[in-house]
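Here the sequence shown stands for residues -8 to 367, where the numbers follow my numbering.
If you are wondering where the hints come from, they were derived from the structure by calculation, not from laboratory data. Keep in mind that a hint or two might mislead.
Claimed, not checked - Below 27 angstroms or equal to it, Euclidean Cα-Cα: the simulated DSS-like pairs (lysine-lysine) are:
| # | residue 1 | residue 2 |
| --- | --- | --- |
| 1 | 224 | 267 |
| 2 | 106 | 61 |
| 3 | 308 | 269 |
| 4 | 223 | 193 |
To be verified - Pairwise CB distance ranges (calculated):
| # | residue 1 | residue 2 | range |
| --- | --- | --- | --- |
| 5 | 224 | 133 | 22 to 30 angstroms |
| 6 | 137 | 9 | 46 to 54 angstroms |
| 7 | 76 | 277 | 57 to 65 angstroms |
| 8 | 299 | 233 | 38 to 46 angstroms |
| 9 | 299 | 238 | 46 to 54 angstroms |
| 10 | 345 | 289 | 13 to 21 angstroms |
| 11 | 31 | 222 | 13 to 21 angstroms |
| 12 | 281 | 108 | 52 to 60 angstroms |
| 13 | 153 | 133 | 47 to 55 angstroms |
| 14 | 363 | 153 | 33 to 41 angstroms |
C-beta atoms are modelled at their ideal positions from N, C-alpha and C, and glycine is treated no differently.
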Amino acid sequence: MSVFSDLAQDFVEATSSLVRGRTINLMDTNGMIIASTEHGRIGNFHQGAKEAIETGRPVRIAKADLPKYKGAKEGYNMPIFQNGQVIGVVGVYGQEEEVQDVANLLRVYVTQSFKQQVIARRQVMEGELRSQLLDLYLLGNPDSQENIEQLSDVLSCHLCFPVTVIVLKTTAPSGISGIYDILRQYFGNDEVFSRNDIYGAKDNIFILIRSFTGSKRPDHFEDIAANLCRGKKELRMVISDSCANAGEIVEGYKEAKALLSLSGDGIDRLSEARAKSKLYLGKLLQHGGSHYIQQLNRTLRNEVSAQQEQTLLENAKTYFLMGGSVSQAAQALQIHRNTLLYRLNRLYEILGLNDVAPFERELFIRMLIAFRAEEG
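Hey, can you work out the whole structure from these sequences and the hints?
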(Lines of atoms letter the chains of each structure in order from A and count residues from 1; the text may use other names and numbers.)
(Lines give C-alpha, C1' and ligand atoms only; values in the text may rest on other atoms or scores of the structure.)
Protein backbone atom coordinates (compact mmCIF):
# COMPACT_ATOMS: atom_id res chain seq x y z
CA MET A 1 0.00 0.00 0.00
CA SER A 2 2.92 2.34 0.63
CA VAL A 3 3.85 2.38 -3.07
CA PHE A 4 0.26 3.27 -3.97
CA SER A 5 0.26 6.05 -1.37
CA ASP A 6 3.59 7.42 -2.60
CA LEU A 7 2.46 7.80 -6.19
CA ALA A 8 -1.07 8.95 -5.36
CA GLN A 9 -0.57 12.73 -5.13
CA ASP A 10 1.71 12.82 -8.16
CA PHE A 11 -0.98 10.95 -10.07
CA VAL A 12 -3.84 13.34 -9.27
CA GLU A 13 -1.72 16.39 -10.01
CA ALA A 14 -0.59 14.95 -13.35
CA THR A 15 -4.06 13.89 -14.51
CA SER A 16 -6.19 16.80 -13.33
CA SER A 17 -5.60 18.79 -16.50
CA LEU A 18 -6.61 15.77 -18.58
CA VAL A 19 -10.11 15.86 -17.07
CA ARG A 20 -10.51 19.62 -17.46
CA GLY A 21 -9.67 20.42 -13.86
CA ARG A 22 -12.31 18.20 -12.29
CA THR A 23 -11.72 17.10 -8.72
CA ILE A 24 -9.89 13.77 -8.51
CA ASN A 25 -9.52 11.78 -5.31
CA LEU A 26 -7.55 8.65 -4.52
CA MET A 27 -8.62 6.62 -1.49
CA ASP A 28 -6.86 3.79 0.32
CA THR A 29 -8.37 0.49 1.49
CA ASN A 30 -9.69 2.15 4.63
CA GLY A 31 -11.69 4.65 2.62
CA MET A 32 -9.38 7.53 3.58
CA ILE A 33 -8.56 10.17 0.96
CA ILE A 34 -4.79 9.95 0.51
CA ALA A 35 -4.50 12.29 -2.48
CA SER A 36 -6.77 14.93 -3.96
CA THR A 37 -6.77 17.97 -6.19
CA GLU A 38 -8.64 19.54 -3.24
CA HIS A 39 -5.80 19.37 -0.73
CA GLY A 40 -8.09 20.18 2.19
CA ARG A 41 -9.87 16.84 1.79
CA ILE A 42 -6.72 14.73 2.22
CA GLY A 43 -7.06 12.65 5.37
CA ASN A 44 -10.89 12.69 5.33
CA PHE A 45 -13.00 9.55 5.30
CA HIS A 46 -14.98 8.78 2.10
CA GLN A 47 -18.00 6.52 2.61
CA GLY A 48 -18.44 5.93 -1.11
CA ALA A 49 -14.86 4.70 -1.42
CA LYS A 50 -15.34 2.38 1.55
CA GLU A 51 -18.37 0.84 -0.14
CA ALA A 52 -16.47 0.39 -3.41
CA ILE A 53 -13.68 -1.37 -1.52
CA GLU A 54 -16.06 -3.71 0.31
CA THR A 55 -18.11 -4.64 -2.76
CA GLY A 56 -15.46 -4.41 -5.45
CA ARG A 57 -17.95 -2.53 -7.63
CA PRO A 58 -18.20 1.10 -8.80
CA VAL A 59 -20.18 3.47 -6.60
CA ARG A 60 -22.17 6.27 -8.23
CA ILE A 61 -23.10 9.15 -5.98
CA ALA A 62 -25.80 11.55 -7.10
CA LYS A 63 -26.73 14.78 -5.30
CA ALA A 64 -29.69 13.06 -3.72
CA ASP A 65 -27.39 10.38 -2.23
CA LEU A 66 -24.98 12.76 -0.50
CA PRO A 67 -26.63 12.59 2.98
CA LYS A 68 -25.80 8.87 3.30
CA TYR A 69 -22.25 9.16 1.98
CA LYS A 70 -20.05 10.82 4.57
CA GLY A 71 -17.18 12.86 3.15
CA ALA A 72 -18.33 12.37 -0.43
CA LYS A 73 -19.33 14.63 -3.27
CA GLU A 74 -21.33 13.95 -6.38
CA GLY A 75 -19.31 11.72 -8.69
CA TYR A 76 -18.17 8.28 -9.74
CA ASN A 77 -15.85 6.05 -7.70
CA MET A 78 -14.04 3.07 -9.24
CA PRO A 79 -12.17 0.34 -7.31
CA ILE A 80 -8.55 -0.24 -8.36
CA PHE A 81 -7.42 -3.86 -8.54
CA GLN A 82 -3.98 -5.41 -8.33
CA ASN A 83 -3.61 -9.19 -8.63
CA GLY A 84 -7.30 -9.62 -7.94
CA GLN A 85 -7.24 -7.51 -4.78
CA VAL A 86 -8.69 -4.03 -4.28
CA ILE A 87 -5.82 -1.69 -3.46
CA GLY A 88 -7.67 1.61 -3.56
CA VAL A 89 -10.35 3.73 -5.21
CA VAL A 90 -10.23 6.57 -7.74
CA GLY A 91 -13.06 9.08 -7.68
CA VAL A 92 -13.97 11.89 -10.09
CA TYR A 93 -16.36 14.74 -9.31
CA GLY A 94 -19.35 15.28 -11.59
CA GLN A 95 -22.56 13.74 -12.85
CA GLU A 96 -22.47 10.07 -13.80
CA GLU A 97 -23.04 10.53 -17.51
CA GLU A 98 -20.23 13.09 -17.63
CA VAL A 99 -17.54 11.28 -15.67
CA GLN A 100 -18.15 7.52 -15.87
CA ASP A 101 -15.88 7.02 -18.86
CA VAL A 102 -13.28 9.37 -17.42
CA ALA A 103 -13.28 7.53 -14.09
CA ASN A 104 -12.79 4.21 -15.85
CA LEU A 105 -9.87 5.57 -17.86
CA LEU A 106 -8.30 6.96 -14.69
CA ARG A 107 -8.75 3.58 -12.99
CA VAL A 108 -6.89 1.87 -15.82
CA TYR A 109 -4.23 4.56 -15.81
CA VAL A 110 -3.55 4.43 -12.09
CA THR A 111 -3.55 0.62 -12.11
CA GLN A 112 -0.87 0.56 -14.78
CA SER A 113 1.11 3.30 -13.03
CA PHE A 114 0.99 1.33 -9.81
CA LYS A 115 2.18 -1.85 -11.54
CA GLN A 116 5.10 0.02 -13.08
CA GLN A 117 6.04 1.53 -9.72
CA VAL A 118 5.93 -1.87 -8.03
CA ILE A 119 8.07 -3.42 -10.75
CA ALA A 120 10.55 -0.54 -10.61
CA ARG A 121 10.85 -0.75 -6.84
CA ARG A 122 11.20 -4.51 -6.95
CA GLN A 123 14.00 -4.14 -9.50
CA VAL A 124 15.75 -1.52 -7.37
CA MET A 125 15.47 -3.71 -4.26
CA GLU A 126 16.65 -6.79 -6.13
CA GLY A 127 19.55 -4.80 -7.56
CA GLU A 128 20.59 -3.69 -4.08
CA LEU A 129 20.44 -7.25 -2.76
CA ARG A 130 22.43 -8.57 -5.72
CA SER A 131 25.00 -5.86 -5.10
CA GLN A 132 25.29 -6.96 -1.46
CA LEU A 133 25.69 -10.58 -2.56
CA LEU A 134 28.34 -9.53 -5.07
CA ASP A 135 30.28 -7.68 -2.36
CA LEU A 136 30.21 -10.73 -0.08
CA TYR A 137 31.64 -12.98 -2.79
CA LEU A 138 34.33 -10.47 -3.75
CA LEU A 139 35.42 -9.96 -0.13
CA GLY A 140 35.83 -13.70 0.29
CA ASN A 141 35.32 -13.74 4.06
CA PRO A 142 34.61 -17.34 5.20
CA ASP A 143 32.48 -15.98 8.05
CA SER A 144 30.04 -14.52 5.48
CA GLN A 145 28.89 -17.90 4.19
CA GLU A 146 25.64 -17.81 6.16
CA ASN A 147 24.82 -14.33 4.81
CA ILE A 148 25.61 -15.50 1.28
CA GLU A 149 23.23 -18.44 1.64
CA GLN A 150 20.45 -16.25 3.04
CA LEU A 151 20.75 -13.63 0.29
CA SER A 152 20.96 -16.35 -2.36
CA ASP A 153 17.72 -17.88 -1.05
CA VAL A 154 15.94 -14.51 -1.02
CA LEU A 155 16.99 -13.81 -4.61
CA SER A 156 16.60 -17.43 -5.76
CA CYS A 157 20.08 -16.94 -7.17
CA HIS A 158 22.62 -19.70 -6.55
CA LEU A 159 25.92 -19.68 -8.41
CA CYS A 160 26.53 -22.74 -10.58
CA PHE A 161 30.25 -23.56 -10.49
CA PRO A 162 32.57 -23.24 -12.28
CA VAL A 163 32.00 -19.51 -12.76
CA THR A 164 33.92 -16.73 -14.48
CA VAL A 165 34.33 -13.17 -13.26
CA ILE A 166 33.78 -10.63 -16.02
CA VAL A 167 34.70 -6.97 -15.55
CA LEU A 168 33.88 -4.10 -17.91
CA LYS A 169 34.68 -0.43 -18.06
CA THR A 170 33.79 2.23 -20.58
CA THR A 171 35.02 5.61 -21.66
CA ALA A 172 31.54 6.55 -22.89
CA PRO A 173 29.99 9.69 -21.32
CA SER A 174 27.11 7.60 -19.91
CA GLY A 175 29.63 5.62 -17.86
CA ILE A 176 28.63 2.49 -15.96
CA SER A 177 24.94 3.43 -15.98
CA GLY A 178 24.88 2.96 -19.75
CA ILE A 179 26.44 -0.52 -19.71
CA TYR A 180 23.17 -2.25 -18.79
CA ASP A 181 21.47 -0.74 -21.83
CA ILE A 182 24.38 -1.62 -24.11
CA LEU A 183 24.41 -5.23 -22.89
CA ARG A 184 20.67 -5.62 -23.33
CA GLN A 185 20.89 -4.10 -26.80
CA TYR A 186 23.35 -6.78 -27.86
CA PHE A 187 21.96 -9.74 -25.92
CA GLY A 188 18.24 -8.98 -26.06
CA ASN A 189 16.27 -7.70 -23.08
CA ASP A 190 17.43 -9.37 -19.84
CA GLU A 191 18.77 -12.53 -21.48
CA VAL A 192 22.30 -11.28 -20.96
CA PHE A 193 21.96 -12.36 -17.33
CA SER A 194 20.83 -15.82 -16.27
CA ARG A 195 18.86 -16.33 -13.06
CA ASN A 196 22.01 -17.53 -11.28
CA ASP A 197 24.29 -14.69 -12.35
CA ILE A 198 25.39 -12.05 -9.85
CA TYR A 199 26.20 -8.59 -11.13
CA GLY A 200 26.56 -4.97 -10.13
CA ALA A 201 28.79 -1.90 -10.27
CA LYS A 202 31.76 -1.28 -7.98
CA ASP A 203 34.62 1.24 -8.21
CA ASN A 204 33.22 2.49 -11.54
CA ILE A 205 33.51 -1.02 -13.01
CA PHE A 206 30.66 -3.32 -14.03
CA ILE A 207 31.17 -6.80 -12.56
CA LEU A 208 29.42 -10.02 -13.56
CA ILE A 209 29.93 -13.40 -11.90
CA ARG A 210 28.78 -15.66 -14.70
CA SER A 211 27.38 -19.07 -13.71
CA PHE A 212 28.07 -22.26 -15.63
CA THR A 213 25.17 -22.83 -18.01
CA GLY A 214 25.50 -26.60 -18.20
CA SER A 215 27.03 -28.81 -20.85
CA LYS A 216 23.72 -29.16 -22.70
CA ARG A 217 23.24 -25.40 -23.00
CA PRO A 218 25.95 -23.70 -25.06
CA ASP A 219 26.97 -20.35 -23.61
CA HIS A 220 27.51 -17.81 -26.37
CA PHE A 221 28.23 -14.97 -23.93
CA GLU A 222 31.94 -14.66 -24.74
CA ASP A 223 31.38 -14.66 -28.51
CA ILE A 224 28.68 -11.99 -28.26
CA ALA A 225 30.80 -10.01 -25.79
CA ALA A 226 33.74 -10.08 -28.24
CA ASN A 227 31.50 -8.73 -31.00
CA LEU A 228 30.22 -6.10 -28.59
CA CYS A 229 33.73 -4.87 -27.78
CA ARG A 230 34.61 -4.76 -31.46
CA GLY A 231 31.47 -2.76 -32.19
CA LYS A 232 31.80 -0.46 -29.18
CA LYS A 233 35.38 0.79 -29.11
CA GLU A 234 34.77 2.59 -25.83
CA LEU A 235 34.18 -0.73 -24.05
CA ARG A 236 36.95 -2.79 -22.44
CA MET A 237 36.28 -6.26 -21.01
CA VAL A 238 38.33 -8.87 -19.13
CA ILE A 239 37.16 -12.43 -18.45
CA SER A 240 38.82 -14.34 -15.61
CA ASP A 241 40.00 -17.90 -15.53
CA SER A 242 37.38 -20.48 -14.57
CA CYS A 243 36.71 -20.36 -10.81
CA ALA A 244 35.90 -23.74 -9.25
CA ASN A 245 34.72 -22.40 -5.89
CA ALA A 246 33.93 -19.22 -3.95
CA GLY A 247 37.54 -18.82 -2.80
CA GLU A 248 38.78 -18.63 -6.38
CA ILE A 249 36.27 -15.88 -7.21
CA VAL A 250 38.30 -13.41 -5.12
CA GLU A 251 41.52 -14.15 -7.02
CA GLY A 252 39.68 -14.22 -10.35
CA TYR A 253 38.26 -10.76 -9.65
CA LYS A 254 41.61 -9.33 -8.51
CA GLU A 255 43.41 -10.58 -11.62
CA ALA A 256 40.66 -9.43 -13.99
CA LYS A 257 40.52 -5.99 -12.37
CA ALA A 258 44.32 -5.66 -12.45
CA LEU A 259 44.42 -6.48 -16.16
CA LEU A 260 41.55 -4.07 -16.80
CA SER A 261 43.63 -1.29 -15.24
CA LEU A 262 46.38 -1.80 -17.83
CA SER A 263 46.25 -0.18 -21.24
CA GLY A 264 44.44 -2.08 -23.93
CA ASP A 265 41.21 -2.37 -25.82
CA GLY A 266 38.63 -4.96 -26.74
CA ILE A 267 38.39 -8.16 -24.74
CA ASP A 268 41.05 -10.12 -22.82
CA ARG A 269 40.56 -13.69 -21.58
CA LEU A 270 42.79 -14.72 -18.70
CA SER A 271 42.45 -18.30 -19.86
CA GLU A 272 44.80 -17.30 -22.71
CA ALA A 273 48.58 -17.18 -22.20
CA ARG A 274 48.83 -13.81 -23.96
CA ALA A 275 46.58 -12.17 -21.38
CA LYS A 276 48.40 -13.86 -18.49
CA SER A 277 51.72 -12.58 -19.81
CA LYS A 278 50.35 -9.06 -20.09
CA LEU A 279 48.99 -9.21 -16.54
CA TYR A 280 52.15 -10.46 -14.87
CA LEU A 281 54.43 -8.15 -16.82
CA GLY A 282 52.20 -5.32 -15.66
CA LYS A 283 52.48 -6.52 -12.07
CA LEU A 284 56.28 -6.63 -12.34
CA LEU A 285 56.30 -3.06 -13.58
CA GLN A 286 54.01 -1.93 -10.77
CA HIS A 287 55.98 -3.64 -8.02
CA GLY A 288 59.61 -2.66 -8.32
CA GLY A 289 60.59 -3.23 -11.95
CA SER A 290 59.66 0.13 -13.41
CA HIS A 291 62.85 2.00 -12.49
CA TYR A 292 65.12 -0.37 -14.45
CA ILE A 293 62.72 -0.44 -17.41
CA GLN A 294 62.63 3.36 -17.45
CA GLN A 295 66.42 3.30 -17.69
CA LEU A 296 66.26 0.89 -20.63
CA ASN A 297 63.68 3.12 -22.29
CA ARG A 298 65.88 6.24 -21.91
CA THR A 299 68.89 4.37 -23.24
CA LEU A 300 67.03 3.25 -26.34
CA ARG A 301 65.65 6.73 -27.01
CA ASN A 302 69.10 8.28 -26.70
CA GLU A 303 70.60 5.88 -29.23
CA VAL A 304 68.09 5.71 -32.08
CA SER A 305 65.26 7.69 -33.66
CA ALA A 306 61.63 7.19 -32.71
CA GLN A 307 60.97 5.28 -35.94
CA GLN A 308 63.96 2.99 -35.33
CA GLU A 309 62.79 2.39 -31.75
CA GLN A 310 59.41 1.26 -32.99
CA THR A 311 60.92 -1.01 -35.65
CA LEU A 312 63.36 -2.68 -33.24
CA LEU A 313 60.72 -3.34 -30.60
CA GLU A 314 58.08 -4.53 -33.06
CA ASN A 315 60.59 -6.96 -34.58
CA ALA A 316 61.51 -8.26 -31.11
CA LYS A 317 57.86 -8.63 -30.15
CA THR A 318 57.12 -10.68 -33.27
CA TYR A 319 60.22 -12.82 -32.65
CA PHE A 320 59.02 -13.59 -29.11
CA LEU A 321 55.47 -14.31 -30.31
CA MET A 322 56.91 -16.83 -32.78
CA GLY A 323 58.57 -18.71 -29.94
CA GLY A 324 62.07 -17.52 -30.83
CA SER A 325 61.93 -18.80 -34.40
CA VAL A 326 63.89 -16.44 -36.62
CA SER A 327 62.50 -17.94 -39.83
CA GLN A 328 58.84 -17.67 -38.76
CA ALA A 329 59.29 -14.15 -37.37
CA ALA A 330 61.08 -12.97 -40.53
CA GLN A 331 58.32 -14.44 -42.65
CA ALA A 332 55.63 -12.75 -40.54
CA LEU A 333 57.48 -9.42 -40.77
CA GLN A 334 58.19 -9.95 -44.50
CA ILE A 335 61.90 -9.25 -44.07
CA HIS A 336 65.05 -11.32 -44.61
CA ARG A 337 66.10 -13.44 -41.62
CA ASN A 338 69.55 -11.78 -41.60
CA THR A 339 67.85 -8.37 -41.34
CA LEU A 340 65.88 -9.61 -38.33
CA LEU A 341 68.99 -11.05 -36.68
CA TYR A 342 70.84 -7.77 -37.19
CA ARG A 343 67.98 -5.77 -35.61
CA LEU A 344 67.68 -8.12 -32.65
CA ASN A 345 71.41 -8.00 -31.96
CA ARG A 346 71.37 -4.23 -32.35
CA LEU A 347 68.57 -3.98 -29.77
CA TYR A 348 70.38 -6.29 -27.33
CA GLU A 349 73.58 -4.26 -27.73
CA ILE A 350 71.90 -0.89 -27.12
CA LEU A 351 70.11 -2.21 -24.02
CA GLY A 352 73.21 -3.98 -22.70
CA LEU A 353 71.53 -7.37 -22.80
CA ASN A 354 74.00 -9.27 -25.00
CA ASP A 355 75.41 -11.28 -22.12
CA VAL A 356 72.06 -11.89 -20.39
CA ALA A 357 70.40 -15.33 -20.54
CA PRO A 358 67.68 -15.55 -23.25
CA PHE A 359 64.83 -15.87 -20.74
CA GLU A 360 65.82 -12.77 -18.75
CA ARG A 361 66.55 -10.86 -21.97
CA GLU A 362 63.08 -11.63 -23.34
CA LEU A 363 61.49 -10.75 -19.98
CA PHE A 364 63.15 -7.31 -19.81
CA ILE A 365 62.29 -6.46 -23.42
CA ARG A 366 58.68 -7.61 -22.94
CA MET A 367 58.51 -5.40 -19.84
CA LEU A 368 59.88 -2.51 -21.90
CA ILE A 369 57.22 -3.07 -24.58
CA ALA A 370 54.52 -3.20 -21.89
CA PHE A 371 55.91 -0.04 -20.26
CA ARG A 372 55.79 1.87 -23.53
CA ALA A 373 52.24 0.64 -24.16
CA GLU A 374 51.23 2.05 -20.77
CA GLU A 375 52.91 5.36 -21.63
CA GLY A 376 50.85 5.51 -24.82
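message = When the structure is checked against the list of hints, which entries are broken? Sort them ascending.
response = Hints 2, 5, 11, 13 are the ones this structure does not satisfy, whereas the remaining hints hold.
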